[in-house]
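**Student:** So the chains spell out like this:
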Amino acid sequence: MIYANIAGLSYLIASVLFILALKGLSHPETARRGNFFAIIGMALAVVVTLAAPDVNNYVLILIAVIIGGSVGTTIALKIKMTDLPQLVAMLHSLVGLAAVLIAKSAFYAPERYGIGSAGAIHLNSLIEMSLGDAIGAITFTGSIIAFAKLQGIMSGSPITFKGQHALNALLAFAIVALTVYFCISQDPIVFWIITLLSIIIGVTLIIPIGGADMPVIVSMLNSYSGWAAAGIGFTLQNNLLIIAGAVIGSSGAILSYIMCKAMNRSFLNVLFGGFGTGDSSGAASSAQQAHERGANVGSVEDAAFLMKQASNVIIVPGYGMAVAQAQNAVKEMGELLLAAGISVKYAIHPVAGRMPGHMNVLLADANVPYDLVFEMDDINSEFSSCDVAFVMGANDVTNPAAKDPKSPIAGMPILEVERAATVLFCKRSLGIGYAGIDNELFYRPNTMMLLGDAKDTADKLVRALKGTSH
Amino acid sequence: MSFIFLLTVFILAVFVGYHVVWSVTPALHTPLMSVTNAISGVVIVGAIIAAGSEAINTSTILGIAAVALASVNVFGGFIVTHRMLSKFRKKAK
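Protein chains in written order, with this note's numbering: chain A, 1 to 470; chain B, 1001 to 1093.
Read the hints as simulated data drawn from the structure, not as lab findings. We treat Cβ as the ideally placed atom computed from N, Cα and C, and that holds for glycine. Among the clues, some could well be false.
Straight-line distance between alpha carbons at most 25 angstroms, and here's what the computed BS3-like set of lysine-lysine pairs gives [as the list claims (entries may be wrong)]:
1) A:K78 / B:K1087
2) A:K455 / A:K78
3) A:K23 / B:K1091
4) B:K1087 / A:K308
5) A:K345 / B:K1090
6) A:K23 / B:K1090
7) B:K1091 / A:K466
8) B:K1091 / A:K455
9) A:K308 / A:K460
10) A:K466 / A:K345
11) A:K406 / B:K1090
12) A:K23 / B:K1087
13) B:K1091 / A:K80
DEER-style ranges, computed between Cβ atoms [said to hold, decoys possible]:
14) B:E1054 / A:L167: 21 to 29 angstroms
15) A:D453 / B:R1089: 27 to 35 angstroms
16) B:T1058 / A:L62: 18 to 26 angstroms
17) A:D83 / B:L1007: 36 to 44 angstroms
18) B:I1011 / A:E335: 44 to 52 angstroms
19) B:L1007 / A:L167: 30 to 38 angstroms
20) B:Y1018 / A:N5: 23 to 31 angstroms
21) A:K80 / B:I1011: 37 to 45 angstroms
22) A:S117 / B:R1089: 18 to 26 angstroms
23) B:Y1018 / A:L12: 16 to 24 angstroms
24) A:Q325 / B:R1089: 16 to 24 angstroms
25) B:E1054 / A:A166: 46 to 54 angstroms
26) B:R1089 / A:P53: 24 to 32 angstroms
27) A:S70 / B:Y1018: 29 to 37 angstroms
Please take these sequences and the hints and turn them into a complete structure.
**Tutor:** This is the structure:
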């Protein structure tokens, strides 16, 4: 009884520490402290659980922690910041799988959690167990597919086939029906079939989603991993798991909502729309063709000259910058401009990159101070008074076609670079963006296209800026 | 503990999460995800209970495997979050 009280109190403290950790993320200054709060909370929860009178097998548990811990530590230390979405997707899948294993474990040894005995598990525990198990299994395979798409193991283009929606509906119906049957029969085979079907639906739900919609999907799976943890918390009647799971679940849901809003699309449209081309490439067009279509193709020297004449420059980085690993060159360019007394700011669209906030981390990694980096809503009003908007590797998020009600991206909030006196567009080609539509900005008189690889162009700009400053 | 009690805790936590997460600055949405990755590793608590049984059976083995998986999340999530956050710096005055 004394232990139960100490454990309950410790779990409460851990829950509060977890919430404080998220609270800390409201500002970069308090964020690091927040992370330590969460670490302390986790350590407290683990130590208290290990001290439970009926927990033995310390050696085996320790070995498992060492194996898992060293894998996690190694990956976390080695991962490149451009590959963060893959790491996050992988971690989601592991939580999903862990939730499945714990649900199974509770089913085979219900007396350890006080939820009945084998073959006579309480009804509500059975429901919670199968929910945790099914959500966990969907998170597991869904995240593996998201990982494969992000890593480029699988094509980023949507995979759709005839009868896809019918198949998903059938699978979902079967899972619900079998869960009802499982709660009555408590048959282990049925339990495993539910897991198997959930594993399949995890795959079929995610394969039709295109690469650039990954910010929504990664957020959604983040949410699922939380609901799975909460489901396990209900099964084990553990408040800490319920609180942590609920907070994570709502966090992921909010991020999905923010991402959908930034694309002016509904969540259902992202899930079932089969939208996009996968990659923003299109046919590579030469500078010759670009001229024929009326685009103004400039040289790096022209661009450097324009920037030197400017009194303020706004840099708009997109995923193309990350793909070309151009962030360090861009930062160097920004520093040269700053040194020349030119005001430099960075503008970030919410869906730039492959996960929420991805661009901010990449810029921070390149040592761009965070107080020069602005969110769309905070900087949009400044484009009209800006001399040069320098767009690198972003396309759809700057496309004024979003203001045309007939456009496929109608209503999507954009970075209003077209208001700037001059727009420098650094891009591989005049190809179409992810949304599959042309960007009229390329052909405007105040736009200058810099065709070529992002890193190559940024490096040349750095040299050109250095050249003119001496 | 009754189901209603657990449900109460759950619903209230959803509300707390909702309000706390809206206060997170968009610049830190990636660290938010990685720290929630780490925190979701708290299922290790359930895994330890399963793994801690004296008798080694199916349930124990599943529990030990879950301990290893959750440990990847806890260590990986916290370390990568720390790495990211240490890069967010202000302009040198």
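**Student:** Give a verdict on every hint.
**Tutor:** Evaluation of the provided hints:
1. A:K78 / B:K1087: holds (15 angstroms)
2. A:K455 / A:K78: Given pair A:K455, A:K78 holds - Cα atoms ~23 angstroms apart, limit 25 angstroms.
3. A:K23 / B:K1091: holds (24 angstroms)
4. B:K1087 / A:K308: Not OK: B:K1087 and A:K308 at ~29 angstroms, beyond 25 angstroms, violated.
5. A:K345 / B:K1090: Given that 25 angstroms is the threshold and the Cα spacing comes to 13 angstroms, the pair holds.
6. A:K23 / B:K1090: Holds - the C-alpha atoms of B:K1090 and A:K23 are around 20 angstroms apart, at most 25 angstroms.
7. B:K1091 / A:K466: Cα-Cα ~22 angstroms, so holds.
8. B:K1091 / A:K455: Judged against 25 angstroms, a Cα distance of about 24 angstroms means the pair holds.
9. A:K308 / A:K460: holds (15 angstroms)
10. A:K466 / A:K345: Holds, at roughly 20 angstroms.
11. A:K406 / B:K1090: The given pair, whose Cα atoms are some 43 angstroms apart, is violated under the 25 angstroms limit.
12. A:K23 / B:K1087: holds (19 angstroms)
13. B:K1091 / A:K80: Measuring from Cα to Cα gives roughly 23 angstroms; hence the hint holds.
14. B:E1054 / A:L167: 21 to 29 angstroms: For A:L167 against B:E1054, whose Cβ atoms are near 45 angstroms apart, the range 21 to 29 angstroms is violated.
15. A:D453 / B:R1089: 27 to 35 angstroms: holds (28 angstroms)
16. B:T1058 / A:L62: 18 to 26 angstroms: Cβ of B:T1058 to Cβ of A:L62: about 21 angstroms, so the range 18 to 26 angstroms holds.
17. A:D83 / B:L1007: 36 to 44 angstroms: holds (39 angstroms)
18. B:I1011 / A:E335: 44 to 52 angstroms: Taking Cβ atoms as reference, B:I1011 and A:E335 lie about 50 angstroms apart, which means the hint holds.
19. B:L1007 / A:L167: 30 to 38 angstroms: Taking Cβ atoms as reference, B:L1007 and A:L167 lie about 33 angstroms apart, which means the hint holds.
20. B:Y1018 / A:N5: 23 to 31 angstroms: Roughly 30 angstroms apart at Cβ, these two residues keep to the hinted range, so it holds.
21. A:K80 / B:I1011: 37 to 45 angstroms: Given a distance of about 40 angstroms, which is inside 37 to 45 angstroms, the answer is holds.
22. A:S117 / B:R1089: 18 to 26 angstroms: Cβ of A:S117 to Cβ of B:R1089: about 57 angstroms, so the range 18 to 26 angstroms is violated.
23. B:Y1018 / A:L12: 16 to 24 angstroms: holds (20 angstroms)
24. A:Q325 / B:R1089: 16 to 24 angstroms: Given range 16 to 24 angstroms: holds, Cβ gap about 21 angstroms.
25. B:E1054 / A:A166: 46 to 54 angstroms: holds (49 angstroms)
26. B:R1089 / A:P53: 24 to 32 angstroms: Hint violated: Cβ distance 48 angstroms, outside 24 to 32 angstroms.
27. A:S70 / B:Y1018: 29 to 37 angstroms: holds (36 angstroms)
Hints 4, 11, 14, 22 and 26, counting from the list given before, are not met by this structure.
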